[in-house]
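Enquirer: Listed here are the chains, written in short residue letters.
2 protein chains.
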Amino acid sequence: MTRTRAVTISRVAEAAGVSVATVSRVMNGSATVAPQLAERVREAAARLGYRPNASAQGLARGRTGMIGVLLPDLANPYFHEVMKGLTAEAVADGYHTLVAASDEVPEDEGSLAHELLRQTDGLVLCSSRMPRHDLSEVLDAGRPVVSVNRQVSGLALPAVTVDSHAGMLAVCGHLARQGHRQVTYLSGPPLSWSHRERRRALSESSAFGIDPQTVDCGSTMDDGYRATDAALERRPTAIIAFNDIVAFGALARLRERGVAVPDEVSIAGFDDIAFAAYASPALTTVRNPKEQLGRHAWRMLTRLFKGERGLEPQVLVPELVVRDSTGPAPAAIATPRLQGPSARAAGRPSVRSPRGEATSS
Amino acid sequence: MTRTRAVTISRVAEAAGVSVATVSRVMNGSATVAPQLAERVREAAARLGYRPNASAQGLARGRTGMIGVLLPDLANPYFHEVMKGLTAEAVADGYHTLVAASDEVPEDEGSLAHELLRQTDGLVLCSSRMPRHDLSEVLDAGRPVVSVNRQVSGLALPAVTVDSHAGMLAVCGHLARQGHRQVTYLSGPPLSWSHRERRRALSESSAFGIDPQTVDCGSTMDDGYRATDAALERRPTAIIAFNDIVAFGALARLRERGVAVPDEVSIAGFDDIAFAAYASPALTTVRNPKEQLGRHAWRMLTRLFKGERGLEPQVLVPELVVRDSTGPAPAAIATPRLQGPSARAAGRPSVRSPRGEATSS
DNA sequence: TTGAAAGCGCTAACAA
DNA sequence: TTGTTAGCGCTTTCAA
Chain A
1 MTRTRAVTIS RVAEAAGVSV ATVSRVMNGS ATVAPQLAER VREAAARLGY
51 RPNASAQGLA RGRTGMIGVL LPDLANPYFH EVMKGLTAEA VADGYHTLVA
101 ASDEVPEDEG SLAHELLRQT DGLVLCSSRM PRHDLSEVLD AGRPVVSVNR
151 QVSGLALPAV TVDSHAGMLA VCGHLARQGH RQVTYLSGPP LSWSHRERRR
201 ALSESSAFGI DPQTVDCGST MDDGYRATDA ALERRPTAII AFNDIVAFGA
251 LARLRERGVA VPDEVSIAGF DDIAFAAYAS PALTTVRNPK EQLGRHAWRM
301 LTRLFKGERG LEPQVLVPEL VVRDSTGPAP AAIATPRLQG PSARAAGRPS
351 VRSPRGEATS S
Chain B
1 MTRTRAVTIS RVAEAAGVSV ATVSRVMNGS ATVAPQLAER VREAAARLGY
51 RPNASAQGLA RGRTGMIGVL LPDLANPYFH EVMKGLTAEA VADGYHTLVA
101 ASDEVPEDEG SLAHELLRQT DGLVLCSSRM PRHDLSEVLD AGRPVVSVNR
151 QVSGLALPAV TVDSHAGMLA VCGHLARQGH RQVTYLSGPP LSWSHRERRR
201 ALSESSAFGI DPQTVDCGST MDDGYRATDA ALERRPTAII AFNDIVAFGA
251 LARLRERGVA VPDEVSIAGF DDIAFAAYAS PALTTVRNPK EQLGRHAWRM
301 LTRLFKGERG LEPQVLVPEL VVRDSTGPAP AAIATPRLQG PSARAAGRPS
351 VRSPRGEATS S
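Quick note, the sequences are listed as chains A and B, same order. Each residue of the first sequence is one higher than the last, beginning at 1 in the numbering used here. Each residue of the second sequence is one higher than the last, beginning at 1 in the numbering used here.
Any given hint might turn out to be false.
Covered stretches of chain A, going by a simulated chain B footprint (3 or more residues, C-beta under 8 Å) [as the list claims (entries may be wrong)]:
#1 19-30
#2 123-135
#3 203-216
#4 312-325
Which chain A residues face chain B? A few, computed with CB under 8 Å, are given here [stated by the list, open to error]:
#5 Leu-59
#6 Thr-64
#7 His-80
#8 Met-83
#9 Ala-92
#10 Met-221
#11 Gln-292
#12 Arg-295
Pair by pair, the computed Cβ-Cβ distance ranges are [claimed, not checked]:
#13 Ala-31/B to Ala-31/A: 30 to 40 Å
#14 Arg-51/A to Glu-264/B: 24 to 34 Å
#15 Ser-206/A to Asp-103/B: 39 to 49 Å
#16 Ala-31/B to Ser-153/A: 46 to 56 Å
#17 Asp-140/B to Arg-132/A: 25 to 35 Å
#18 Ser-153/B to Arg-42/A: 30 to 40 Å
#19 Pro-35/B to Gly-62/A: 47 to 57 Å
#20 Asp-103/B to Arg-51/A: 50 to 60 Å
Calculated from the structure, these hints are not laboratory results. Note that the structure is a prediction, hence the values are computed from the model and not measured. The beta-carbon is built from N, C-alpha and C at its ideal position, and this holds for glycine as well.
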């Protein structure tokens, strides 16, 4: 009922019998305050329950202590793992994170980005599908912006990415060695940089003897579920999904249709989200160093804060994780297996990463 | 390189040849500005790329346009769905969301809550495990706070919850009708309100002829995976998991140990996250109206903003969703099934919710 | 080592 | 209808 006026710095100053400047110094850990005065101030602040007003601090300091993160889809656990790495670093440096999702509507990204920048000290664009023009407009504001999972040539946009191209080659190589030739790719959002890289690699996979097909899909479980029928029409012995949640959807549809995985059709995803190891069968996937990606993004941002420019793009290395959803192609099943079933059944949802199959750029 | 000074309101005023007050009026849609003047201002603002400084607005207006959300675990998709509902409403009202996670460390919640409140206009505590004392300290700040998934008697804390007690009774009833007696519950975080409600209902389930056991578990997939061996030692015919991701972990372990689901052991979860329908077998669960929960939370918060007090708690109704992970108890398998397998195999990962099994408070 | 005071960019009386 | 100006709460010179 009683609308108590908030406790401000001057209240504390009053209570401690000092000036606001002194209170400010104490709260910010300035060394130039007499110990007992500082103690008196701290005592008063604690007693009154003083919490500095963030807006006022932001205005006076010229920085908010927040950064913005824009991502396409809050429902994909992939992004939480990136956020986890990013937030861990940011919090350690006293920063908070303001998140917004474009819900896979590339046209909305521009205004969301501006809105985030308006309230923060810098921005991380994660797997952005923003049209190039909008992107350069965002950069024109001259504020610190870092891109994750997208490289853009010709724009001064520091980026940290994972070598999606190499990742796709690794899966294709793995499948080829298992005797697969007919491979169908459930494609991701058309404007996704990772998707484009994967597609590029896919078309090169004919060098492995693979005959790739593509089916339009998307990035959600439902997309995967729905695209699976079309994929099966191509009569593939293996399906590669744009990401793990798409693979999840596909897996569900395959089960429903009574298609045995991996005996009839193998399936692989990308990212290695936590659910992948718990899928049935456990999902073969290309691990993406998600937390690292987030950490690197933060470090880049801090370098921008310090005024550094022209930062080199960072490229992280993905890693093929072979689990139970991929196996020999049906035609090849009579020939000796490259990898016995005993090796795959052992232990808990295994996260084995055969060094020989790890990829690099 | 060139650190351009930010475009401020006075820059725009200058450029448009008007006072800052007029610019402010135009930007905030005040009707009392001559149309052509307004146009001139808008043009100047657009040309200069003016974006109001959020800190300055926050300070002048006495509100930030942000609300805080505190939740225990960013890795659980459950919370994203709650966030989705919450954010949708908040954004529609011009608000943004600042999220923090306690990572299941109840002792950290207090300071996180204060930190969020410091930067926002109100706070949503989601599935809070905060010790009561810390909670009342947070409320003492006199700022708008709403609780989701937790009711606290004796504190003026408006809450919107789901009837977890009824949800648990619904699962137990379902299992009892399938002939289950030996049921093991993989318990949630000890301080979770939902967990406590479920546990209370569980102990009442002996009325259905159920003999409940409890195994300490937690709230993550890994917790579920690890607790499953201990659960099996109780020789249950059915396992109830604290939530769906715990059930996912348990499912993986059961598969590994060659325990057939649901033929040997049935398993059910809570929440009905998106992954549940795609699990193998598709997971029987108690659906939680996640988005609604978020929407209600926002509405409560807005009522607090308007100065309303003493808001009645809102209790939403969960709904049992029977899928393929539960079936007749092994001993009862010889007797006629209550629900034939044909009914469960049909269609896509089915989200059937037999009205007769829907629960209410 | 401390205090006075000038902003930070914006909003909202109040005057004109 | 428009402009002037006093804050909003805090930081940070600059003096003392």
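Enquirer: Taking the hints in turn, state whether each one holds.
Expert: Right, here's what the structure says about each hint:
As drawn, the segment 19-30 of chain A meets chain B at 0 residues by the rule of a beta-carbon pair under 8 Å; below three, the given contact is violated. Note: the segment 123-135 of chain A has 0 residues with beta-carbon separation from chain B under 8 Å; the three-residue rule is not met and the coverage is violated. Using a Cβ-Cβ cut-off of 8 Å, 0 residues of the segment 203-216 of chain A lie near chain B, which falls short of the minimum of three, so the contact claim is violated. Counting residues of the segment 312-325 of chain A whose beta carbon lies closer than 8 Å to any beta carbon of chain B gives 0, which falls below the threshold of three, so the coverage claim is violated.
Hint status for Leu-59/A relative to chain B: holds, with the closest Cβ pair at about 4 Å, below 8 Å. Checking Thr-64/A against chain B by beta carbon gives a least distance of about 6 Å; that is within 8 Å, so the hint holds. With a cut of 8 Å, the hint placing His-80/A at the interface with chain B holds, because the nearest CB-to-CB distance is about 5 Å. With a cut of 8 Å, the hint placing Met-83/A at the interface with chain B holds, because the nearest CB-to-CB distance is about 7 Å.
The criterion of a C-beta within 8 Å of any C-beta in chain B is not met by Ala-92/A, whose closest approach is roughly 14 Å, and the hint is violated. Here the hint on Met-221/A is kept, as its CB sits about 6 Å from the closest CB of chain B, short of 8 Å. For the restraint placing Gln-292/A at the interface with chain B, the shortest Cβ-Cβ distance is roughly 17 Å, beyond the 8 Å limit, so the hint is violated. Below 8 Å, beta-carbon pairs count as interface contacts, and Arg-295/A has none with chain B, the closest being about 16 Å; its hint is therefore violated.
As the Cβ distance of Ala-31/B to Ala-31/A is approximately 53 Å, the hint placing it in 30 to 40 Å is violated. For Arg-51/A paired with Glu-264/B, a C-beta distance near 56 Å fails the hint of 24 to 34 Å. Range check, Ser-206/A to Asp-103/B: Cβ separation about 46 Å, and the 39 to 49 Å hint holds. The supplied range of 46 to 56 Å is met by Ala-31/B and Ser-153/A, whose beta-carbon atoms lie about 47 Å from each other.
Against the hinted window of 25 to 35 Å, the Cβ-Cβ separation of Asp-140/B and Arg-132/A comes to about 51 Å, which falls outside the hint. One distance hint, 30 to 40 Å for the beta-carbon pair Ser-153/B and Arg-42/A, holds here, with the actual separation near 35 Å. As the Cβ distance of Pro-35/B to Gly-62/A is approximately 35 Å, the hint placing it in 47 to 57 Å is violated. Look at Asp-103/B against Arg-51/A: about 23 Å separates their beta carbons, and that is not inside 50 to 60 Å.
Hints 1, 2, 3, 4, 9, 11, 12, 13, 14, 17, 19 and 20, counting from the list given before, are not met by this structure.
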